Amino acid sequence: MAPRVTHLALAALATLSGCEVAETTGLFGRTTGGFDGGTRDLGFAASDASLGPASDAGARPDASLPDAGPVARTMESESLFLPGWDQNHVLNPELDPSSTAVLAFDDEFRPAAPLWEFPLERPEAMPVLTSALGVGFNVLMLARAPGGRFSARVWVGSSSFGALPEVSLLGTDPSGAELAIELAPDGRALPLDGVIWRHHEARFIEPLVGAVYLVVLAPGEGPHHLSAPMVAPILDARSPDDRALPAGRRQSDRERDILQRAKRRWMDDMAHPSRPRGSIFSPKHVSPSSAARR
Amino acid sequence: MSGVAGAGELDPGSGRLVLSGVRTLDLEGTFPASSGGFEVRLFGFGRELDARESQAAMRRDPHRSLVGGDFLSVGGEVPLTVIELEPQGAALSRRRVEVRIWQKAFGTQLVAKLVWHSGDFAAFYGSGLPYGTHLLAEIPLFPTGRVTSDGWRELSSGAVDFWLAARIRPLLVLEDQQLGPHALGQAAFGHSARAAVDGLELLDHGPAEVPVQSCHASLSCGPSGACLYGRCVDAAARHGPNTPREHFREYLSRMAAEYRLFSGSRASVQALASVVDRVRALDASGAAVPELFAAWRRESRALADGHYNPRRWSSRWPVSLGVCTLLGRADLSEADAELPLVYDASAGPLAGRLQPGDALTAIEGQPPLEWLAEQRENGSYNGDPRGAAAILAMEVIDRAAEEGARMTFSRCSRTDVPCSANEREEIEVSPPQHLSLLWAERPPDWRFDYVDCDARPRPAVAAQSEHYDYVGWRDEGSVRLVQINGVSGSPSWSADVDRALAGTPSAVLLDQRRGLGGTIDGADTLAARLVTPEQSFAMELLPALYGALGPSRSALRTCTQGSPSSELACGNAVWWQLGFTQRNGRSALGANTKIAVLNYLDVSGNDYVSELLRHRGESTRIFGPGPTYGAFGAIVTLPTRGFELEGGGSLQIHDTLFLRDPADENEDFTTGRGVEPTVRVLQKQSDLVRGVDTALEEAKRWLRE
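So the protein sequences, as listed, match chains A and B. Taken in order, the first sequence gives residues 1 to 294; the numbers are from my numbering. Taken in order, the second sequence gives residues 1001 to 1705; the numbers are from my numbering.
Certain hints may be false.
Cβ pair distances, simulated, as ranges [as the list claims (entries may be wrong)]:
id, chain 1, residue 1, chain 2, residue 2, range
1, B, 1618, A, 235, 35 to 45 Å
2, A, 205, B, 1502, 53 to 63 Å
3, B, 1273, A, 239, 28 to 38 Å
4, B, 1207, A, 235, 45 to 55 Å
5, A, 206, B, 1580, 24 to 34 Å
Which chain A residues stay away from chain B? Per the calculated CB distances, all over 12 Å, these [stated by the list, open to error]:
id, residue
6, 151
7, 176
8, 203
These aren't lab readings, by the way, just hints derived from the structure by calculation. Keep in mind that this is a model prediction, so the values were computed, not measured. Backbone N, C-alpha and C fix where the C-beta goes; we use that ideal spot for every residue, glycine too.
Only chain A is shown next, with the shape it has when bound in the complex (with noise of 0.2 Å):
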């Protein structure tokens, strides 16, 4: 009989090493491995070279350098959280992949399995999701609209020359009307590690109405990256930068296709908790060797 194994990232390890786990039952219950079977490297490139891995392995890497003399380097403290988690109405911010609050999709719109990352250099103290294989990076993260007066934002990074990516943010105003809002670059741009990091804000004056989608479509190669989403209540004072909401605009075909894989992918997931997202299913009651003794 299989056992079954809770421990989800055990089951990664078995699956990337080309070990059978015949049944892994862990809080999503039932998985079947990673999206490649563990055979592709996607290349991820480190922020430090020299940490990666050691090309000639027994030697000790580096047992050149001599002693440095002091570091600079000072004690700080950090909250648990990031500043600003309180206000901010995207519900993975974080953009843990294994949350189905964001949901990336290459150009095809099939689903993408993007690299979850923490690099050395980046925007903010937060984590970085960057296109994987395939071409186009296409993300869709879920938010709840502010009751008000709001902002919306995110971090892009680009480390090729290719179009720009694009922004935007979907949602239905009071008169139930849809709006596709652009979130155009405001001039912060920083160079990090060979990414152009460019920072797209807008803020509004009059609130949207339920959950909204900040949207980022990022055609052809990549690697792209995104970082900080964050839609919040404005609390400070009005701004020249606060605007009305623009004239609804037409979702583009691309924002309709995403929108319309993101929520059908939502409208699917109406079962107990323990089912894994997506995948057919063997719930904790069930034992396929049970059966047999019937």
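Following the hints, position chain B against chain A.
Positioned in the frame of chain A, the structure of chain B alone reads:
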């Protein structure tokens, strides 16, 4: 936040961390790194790295290292690091110890966990296969708030009795955080990403606090302890880490804010404040932090959100004793009480003593349902509280085993009348005797002896299948018997539903006692074949909204109805007009066709099916032990944060308004109130012994009337 008692401090002159714990590991030198009383073992994909390979993970860079000149660079190709914290000797076996370690992200982060295994853990970490070892407990390390200006972050286990039950040596496991999302198929794996590790230290917080003793439910393990598989362990290992109290408070605030913002369930959000208040009151009373994690699990049941899953702050491999029980009527006992009845039992050492029809009469001398009610932090059920007993009865054996609770079963070999006291056989089962093997060098194989726990004692349809996508049907006289396990909505499932309901059966029995939900398409495919447009019109699935319902609802309805598709943004609202999947037109059965529905475990998609069928009125009867979950909406899984093991929780992002007709302006949201049975029926013990399905027979009787 410097100045933590006993923890290492930066030397202002050198800028390096000076460790001061009772035992430290500076990660200087070569593999095998067994200095300082530690053993560091690195694992690649499918095997443990040898010393030469491990050595390659040591980096010498005095400008970047935190302590000395070397640090460990793992993650990516080296996804797992296991540090045996006391591989030899037992000097700390009865001490209370805090483990601290520093990491710095270079592309990935490490999830750090304090883990206790029985048996040979190394084979498991090499292969991912759980043979020869059992993971008894694991808790995450949490950030202390101490960081350095160049990006090092400190993690801590909190103070904990170092050895589990003074028997099991602790491990520190560092795991590439990419592994969890990758296992779900939702993230790629960056093989070359790394995280740096340095500065491990153990801080001695004094003598261990938990008594070294076996335990069961009625024998306390003290204020710092909890019972786990028959032995007293630190409550942190059972419930969650002993974080600083202010961190827990901030974390609680964040969990509450997240739920308030995103839960679609109106009743649940209303209940949230009192849930939080009860946890805060316990906090104010001075309860230990691990108990506060348990309290959140326990109290959050009151949210009555069947899609809610608390996050994980501790974990262990579940043990199944190989017994399936469901709530039934023990009519062969004089009391004729509602008790968990054994439906199935494996041949394991404990289960082998039981047989179908045995009734669980007591746990630790207490009525089982009362005992279960006191175990709310453990069960998996978060739906309508009125439905809890039936669902938790399915888990009662394994819950009792975890608590080391003694169970008493009653067996009656008669099937006609209740047994007298002399005729009744009492069977005492003492899990601690069996579970003591879990703590042994070679854990027994029967711990994974899961049994199929289905509320159908025998199949209603010829070929029973437990597969989720299953649809079975056959005619029995004038009654069409249809059996499902959920509403998957897949093309093959939908086609089978069409075939199952083809023709014009004069009566239908829908057996969805394993109704694990599915999709809107699936629920619509089934319900639209059984419910006429006159009986039920549509559903509005609405997200959380600010302000009065009316204006927002009006806006969202304008949006959802004004578009060619219900899949526009529309604030994440969904307008679900019943029958939208019937592209060739509705072909529901006649309004007066009798339909009997058999319920037991029914959630989400199957909640909707039950509610829609209820709208048929007198011509439908629902037979079951209690209400369905009452989970009317879609589920979203939550990100992992702070103190959590991989695999965040989940919540429901909608609530639902059922509309009888186009003019219906119903504002009564339904989540948290499951669909009650028209006929409350429990499996009779006497029938179970004879192989008779009580609910099925009762439903058939009604259909034939």
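(request) Hint by hint, work out which the structure violates, then give me just those numbers in ascending order. (result) The structure breaks hints 1 and 7; every other hint is satisfied.
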